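Protein sequences, first through last, are from chains A and B. Counting the first sequence from 1 gives a position; this note's numbering is that position plus 8. Quick note on numbering: this note's numbering labels position 54 of the second sequence as 38, and the sequence is numbered without any gaps.
Note that these hints are calculated values from the structure, not bench results. Careful, some of the hints might be misleading.
Below, computed lysine-lysine pairings styled on DSS-like, alpha-carbon distance capped at 27 Å [what the hints assert, rightly or not]:
#1 A:Lys50 / A:Lys76
#2 A:Lys50 / B:Lys(-5)
#3 A:Lys87 / A:Lys67
#4 B:Lys62 / A:Lys50
#5 B:Lys46 / B:Lys62
#6 A:Lys65 / A:Lys50
Keep in mind the model is a prediction, meaning the values are calculated, not measured.
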Amino acid sequence: EDQVTQSPEALRLQEGESSSLNCSYTVSGLRGLFWYRQDPGKGPEFLFTLYSAGEEKEKERLKATLTKKESFLHITAPKPEDSATYLCAVQAAGRRALTFGSGTRLQVQP
Amino acid sequence: DARVTQTPRDKVTEMGQEVTMRCQPILGHNTVFWYRQTMMQGLELLAYFRNRAPLDDSGMPKDRFSAEMPDATLATLKIQPSEPRDSAVYFCASGLFPGGLAGPRGTDTQYFGPGTRLTVL
Chain A
9 EDQVTQSPEA LRLQEGESSS LNCSYTVSGL RGLFWYRQDP GKGPEFLFTL
59 YSAGEEKEKE RLKATLTKKE SFLHITAPKP EDSATYLCAV QAAGRRALTF
109 GSGTRLQVQP
Chain B
-15 DARVTQTPRD KVTEMGQEVT MRCQPILGHN TVFWYRQTMM QGLELLAYFR
35 NRAPLDDSGM PKDRFSAEMP DATLATLKIQ PSEPRDSAVY FCASGLFPGG
85 LAGPRGTDTQ YFGPGTRLTV L
């Protein structure tokens, strides 16, 4: 059974204070690892897909990396507008559906 | 700006009543997913369709839930009868998935709608 574990559950940062979110996974053959951002009362918003260990993707202050067992979402010099829940999900080879982690709630204080 | 739309956005009903949620996938997307989100369980897959055919509904309580896709622009999720434990946010997502599972990388992104918040009293 595919499993995704995210840590920490919640993270409070000061504006400009860089940090990383962790996503550990076990999957029977990884097709892709996805990161989404979810704001309160809204649906998840796609950020990145990573396919191979060693791959990195960047978007503004966010950088996602992937190893064979985990992925990190690095947030550099965050701003209050980066406050959201960040969800990690895996897609197993041979499947279309995603298995999600429980998310990390990020709060960035000015 | 292509988006997945869902109606209604909020639904409050009483136990035993029928609930129907609707989803309009992004035009041209051939795969539609239904997920449910709760504080306890997070996001869980209920069912999904490809080219309007159901492929997987193993996450759905079949005695009370049913999912259909009457045409390429409409997917429905029905609960009959509803129970308080069905209270959750229900999300629809759609994706292109050209070539099925062997499609090129970057083509299997799922785009989510805004969700339907269901409260069963």
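Tested hints:
1. For the suggested pair lysine 50 of chain A and lysine 76 of chain A, the alpha carbons sit about 31 Å apart, so the restraint of at most 27 Å is broken.
2. Taking the CA atoms of lysine 50 of chain A and lysine -5 of chain B, the gap is near 15 Å; set against the 27 Å cutoff, the hint holds.
3. This hinted pair checks out: lysine 87 of chain A and lysine 67 of chain A have alpha carbons roughly 14 Å apart, not beyond 27 Å.
4. In summary, the hint linking lysine 62 of chain B to lysine 50 of chain A is supported, as the alpha carbons are separated by about 21 Å, within the 27 Å threshold.
5. With a C-alpha separation of about 11 Å, the suggested pairing of lysine 46 of chain B with lysine 62 of chain B holds against the 27 Å cut-off.
6. Restraint check for lysine 65 of chain A and lysine 50 of chain A: the C-alpha separation of about 24 Å stays at or below 27 Å, so the hint holds.
Violated hint for the displayed structure: number 1, the only one.
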